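Heads up: the sequence shown at position 18 corresponds to 18 in this note's numbering, and the numbers run straight through without jumps.
Mixed in with the good hints there might be a few duds.
What the hints assert, rightly or not - Pair ranges (Cβ atoms, derived):
1) 91 to 123: 19 to 27 Å
2) 84 to 105: 17 to 25 Å
3) 177 to 16: 28 to 36 Å
4) 118 to 150: 53 to 61 Å
5) 125 to 94: 17 to 25 Å
Derived from the structure by calculation, the hints contain no laboratory data.
Because the structure is a prediction, the values reported are computed rather than measured.
We put the CB at the ideal spot given by N, CA and C, even for glycine.
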Amino acid sequence: MDLVTRLAAAVGHSLGREVAVGRDGRTSGSMFRDAVVSGLLSVGCSVHDAGMLPTPALQFGVREFGLDGGLMVTASHNPPEFNGVKVVASDGVEVSRGREAEIEALFFGGGPELCSWDGIGDVRSLDVLEPYRRAVLSHVDVDAVRGAGLRVALDPGNGVAGLTAPSVAAELGCEVHTV
C-alpha cells in the first residue's frame with residue numbers, strides 16, 4: 001500500500017487542494033481508499049469522500065462540485081484480484097497523458113514534499129449519488145418512458161452500478177428486475 005499512498009501524494013500535489021475520492025465494490029477497495037486518502041492528506045489536500053459509486057458518478061461529482069480533481073479506486077472490468085486508481089481532472093475527465101507523465105515524474109523523482117503536521121488536510125463526506133441520479137434523469141424524456149410501461153432486467157455485474165441503475169429505472173416508471 002506504500003506505493004498507492006506515495007502515488008496519491010504525487011497526484012494530490014499535481015491536482016490541487018480539493019480532491020474527491022471514490023471506490024468500487026472490490027474486496028480491496030476500502031484498503032486502497034484508505035491508502036489514497038493518507039497520501040492526499042499528507043500533501044495538504046482536503047479529501048471529499050464520495051464512498052462507493054460508479055466511476056462516471058465520481059467524474060460528475062468532481063465537475064459538479066467544482067473540485068480540483070478526483071481519484072477513483074477501481075480496476076474497472078478486470079478480475080476481482082486486481083485494483084488500481086483512475087485520476088480525474090477538474091473537468092471530470094481522466095487526466096491527459098501529459099499530466100500523467102508529470103505525475104509519474106514527480107512520483108519517480110522521490111515524490112512531493114510532505115506538509116507539516118499543521119498542514120494536514122481533512123476528510124469530509126460528499127454525497128454524489130443523488131445529484132448524479134437527478135442529472136441522469138434530466139437527460140431523459142421521463143414522461144415518454146413512464147408511459148411506455150417498460151419491464152427492465154438489469155444486471156449490474158456485481159458492480160456499483162447496482163447503487164444507481166435500479167433506482168433510475170424505477171424513477172422512470174419501469175418495472176425493474178435486478179439480477
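Verification of the supplied hints:
no., hint, verdict
1, 91 to 123: 19 to 27 Å, "24 Å, holds"
2, 84 to 105: 17 to 25 Å, "19 Å, holds"
3, 177 to 16: 28 to 36 Å, "43 Å, violated"
4, 118 to 150: 53 to 61 Å, "56 Å, holds"
5, 125 to 94: 17 to 25 Å, "24 Å, holds"
Going through the hint list in order, the structure does not satisfy hint 3, though it satisfies all others.
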